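Trainee: Sequence:
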Amino acid sequence: MRSVIPSGAASALPPIADGVMPQAEGHAARERGPAASGHSPASIAARMERLPSAACFWKIIVLVSLGGWFEFYDLIFTGYIAPGLAKSGLLTTTTTTFFGYTGIGGFIAATFGGLFVGTFFCGRLADRFGRRAAFTWSMVWYSAASAFMAFQNTPEGLLVWRFIAGIGLGVEIVTVTTYIVELVPSHMRGKAVAFNQAIMFTAAPVAALLSHWLVPQAPFGIDGWRWVVLLGSTGAIVVVFIRSALPETPRWLAQHGRGADAERVVAGIEARVAQQIGRPLAEPVIKAEAPAPKAASFLELWTPPFRSRFLMLLVFNFFQAIGYYGFANWVPTLLIAKGVLVTKSLLYASAIAVASPVGPLLAMTVADRIQRKWLIVLSAGAIAVIGTLFSQTANPLLLVVLGVLINLCNSTLSLCYHTYQNEVFPTRIRARAAGVVYSFSRLGAMFSGFLIAFLLRDHGVNGVFAMIVGCMAIVMIAIGVFGPPTNRKSLEEISG
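Under our numbering, residue 496 is the last one in the sequence shown; the count climbs by one each step, no gaps.
Treat the hints as calculated values from the structure; they're not laboratory data. Keep in mind that a hint or two might mislead.
[Unchecked claim] Distance condition first, Cα-Cα at most 20 Å in a straight line; then the derived EDC-like pairs of lysine to aspartate or glutamate: (1) K287 with E492; (2) K489 with E283; (3) K87 with D223; (4) K287 with E493; (5) K87 with E156.
These figures come from a predicted structure and were not determined experimentally.
Based on the sequences and whatever the hints tell you, model everything.
Mentor: This is the structure in structure tokens:
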């Protein structure tokens, strides 16, 4: 049987996933058999689905996650450089008007405003131009914008460039998960996204430590907060070149009529997997080809079965963000409100934050064993219960233990829903659908700050956690009642 890879094509394959010796590629092609040599979306999906977990997948996830690391670093330093922005006189801690843009609140609003625009309006770019192109250029976009922001000397310039950087961050956030969900087989989707988030979340302590060290200083006469921003943008540009070895997802290529390109990518991955596991690959089970839609359209989200999923995830994202950020962004303040000294509250909050990357690593053990929708429900329920206990105690050790447990549950909730909202929509509209529903979490995050401040002032910590419990109850109902099961189903099966 002849090899399905054209002569000379092997050298053009991306080296991380597909760069293998021609002999190995021919061997993999023989293992697949004639039924697997088609270029159709169903054939490509079947060949990807039957692949076992192998090192080449984890290498790809590491490379994708390096970019996500800098994206998360950029988001996390928002709060940590705020004192430096105030110290330099560029922004103030408070403003005379509610929506005053010269305060720290304006900087945070500009961040989330850009994220909203990036997720709501720009997710379609990944559907049109490809996942790889979207996360590459979005990283260049937000790295350049952050670098320009670091040299601003007026509040207006600072906020404009922060808003522009936020747009790129929004595109990157959505596209990275979409890429992973499409590339790996269904039996490892949950573990893959969990590993991705574990790597990304290590940016939190790094951003905190760098800010703690640099913000109070002015190395070479340059404000410390500017160094924190520049280090992140410079590192991100380096990762752009490291990521250049990544392939486009075969599913996207096949959906866009680039069957030969999809074939080359899949053949390279198959050959690498066969080489790494040391045994022949199983034959793919190709299911009937679904009729191709006339064109991918946003309006498709308002047709069954996607309409109910779309509305469910809009509600879910809005309320989970209020609950999530209601705790994550307010831990020191909540501790102070319970009588903990300011210095100790920051220490306790740091101890709680260290758990951020641990949560996804622990969740990897169950991410693909327990149905994803029920993991989301269980995590939300645990947050409600532990949060209630947190609000009722003043014991410092117990506060830290309960805070760590809430953080672990928040991490599990985060990785599960990032996977879930990408796998319930078809490839042709996956990025824009995930982007639009995720944008509502940005609205929820912006709203949470005003809501928490009001509740803390008038109802104390008990009022704050009563609100968090209510939000998590809505999350549990939305996913538990209306969410479809997804574990160990191909993306094509889930989308019908």
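Trainee: Against which earlier hints does the structure fall short, listed by number upward?
Mentor: none
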